[in-house]
Amino acid sequence: MSEPPAGPSRPTLDAIAQRAAVSLSTVSKVLNGRPGVSAPTRARVEELLHDSGYARRGALPERGGLVELVVADLLSEWSVEIIRGVERITREAGFVLALSALGDHLEPGGDWISGVLSRKPVAVILQFSNLTAEHRQRLRTRNIPFVVVDPAGDPPPDVPAIGATNWAGGVTATRHLLDLGHERIAVVSGPPDLMCSRARVGGYQSALAEAGLPADPALAGGGEFSRADGEREGRRLLDRADRPTAIVCGNDLQALGVMDAAFALGLDVPGDVSVVGFDDVAPASWARPALTTVRQPLQEMAEVATRTALRLRDGDLENTRLELATSLVVRDSTAPPPTR
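Take the sequence shown: its position 73, counting from 1, is numbered 73 in full-length UniProt numbering, and each next residue is one higher.
Treat each hint with caution, since some may be false.
[Unchecked claim] FRET-style restraints, in silico, Cβ to Cβ: (1) 289 <-> 114: 26 to 34 Å; (2) 94 <-> 140: 42 to 50 Å; (3) 36 <-> 209: 52 to 60 Å; (4) 136 <-> 218: 24 to 32 Å; (5) 114 <-> 239: 46 to 54 Å; (6) 268 <-> 157: 24 to 32 Å; (7) 12 <-> 119: 26 to 34 Å; (8) 241 <-> 192: 26 to 34 Å; (9) 316 <-> 39: 44 to 52 Å.
[What the hints assert, rightly or not] Only pairs whose alpha carbons sit at most 25 Å apart, straight line, appear in this in silico SDA-like list of lysine to any residue: (10) 120 <-> 283; (11) 120 <-> 140; (12) 29 <-> 91.
Derived from the structure by calculation, the hints contain no laboratory data.
Every residue, glycine too, gets a C-beta built ideally from N, C-alpha and C.
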């Protein structure tokens, strides 16, 4: 945040401190994005600073500044794909990438926003969706554009977000199995509080309805987007006399877990059960059999999110929402149903 040109019509920081009934040091902390100020006080001071023109920059930051990517886990396959996309566009634009790992996909702990603001990034790319009004105000007061990539929830209307066509991906995965002749198709979904999970299940249900088949609650399972939860649900679904002949999974890790369960039960993939994942992260192609999956263009989504944030910074773009197309990648984990 930069100070406005001096002039009689613009209040000084001292005057703003008096109007906010706080000390000059408190105003300075807010102005520079430092911690140690309560949320109500910070909001009051930021509003006064914004109204007085202190949010306006005299010049944009020079090339070489930071673009910050805030994710839950730096080591997950999902995050690796996102990091690659953000890093490529950041490097091409002449900036440096800073990474923050928060440890939760929806509820980041601690005063993470103060850490981000202290580094004074030129733009911020975020994994999680539940930016509070205070977070948004603190970023905007400093003219720091931000974009959510692959939103887990439904971001507020004024938050730019780049996602994928999750519902259409669920339809595509299920239609592929229907076209192979499967009718008894189960689903293993991700956490129900995530918008992407609900959309993928919605696509699965829609494809079944289109084919005139009911969505059997007994063939529905779910859990975290993890291999362990996929294996647990896979065992439950496959260790029954009337087991499904195919399973649509919420992501690739769940699908790999389902295949682990099938092998543990002495079943063949795809001879006894077909399995479809979602995302197309690297382990999907390494698996044996290689996993049929719905490709979510994670790197491209990250690239578009980064370009969007930098265009917002330059004033070339209004807030935007965009969904990139998913596509089916057919490999070796799907085949026609077994003859019984």
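Going down the list of hints, with the structure as the test:
The supplied range of 26 to 34 Å is broken by residue 289 and residue 114, whose beta-carbon atoms lie about 48 Å from each other. For the pair residue 94 and residue 140, the supplied restraint of 42 to 50 Å is violated, since their beta-carbon distance comes to about 24 Å. Checked against the hint of 52 to 60 Å, the C-beta distance between residue 36 and residue 209 comes to roughly 55 Å, which is consistent with it. Evaluation of the 24 to 32 Å hint for residue 136 and residue 218 yields a failure: the beta carbon distance comes to about 43 Å.
For the hinted restraint 46 to 54 Å between residue 114 and residue 239, the CB-CB distance of approximately 50 Å keeps it satisfied. Remark: the range hint 24 to 32 Å for residue 268 to residue 157 is contradicted by a beta-carbon distance near 49 Å. A hinted range of 26 to 34 Å holds for the C-beta pair residue 12 and residue 119, which are about 27 Å apart. A beta carbon spacing of about 28 Å between residue 241 and residue 192 agrees with the range 26 to 34 Å that was offered as a hint.
For the pair residue 316 and residue 39, the supplied restraint of 44 to 52 Å is violated, since their beta-carbon distance comes to about 32 Å. Proximity of residue 120 to residue 283 is assessed by CA-CA distance (about 36 Å); at most 25 Å being required, the pair is judged violated. For the hint pairing residue 120 with residue 140, the CA-to-CA distance comes to about 12 Å; that is within 25 Å, so the pair holds. Of the pairs offered as hints, the one joining residue 29 and residue 91 is violated, with about 31 Å between alpha carbons and a cut-off of 25 Å exceeded.
Checked against the numbered hints given earlier, this structure breaks hints 1, 2, 4, 6, 9, 10 and 12; the rest are met.
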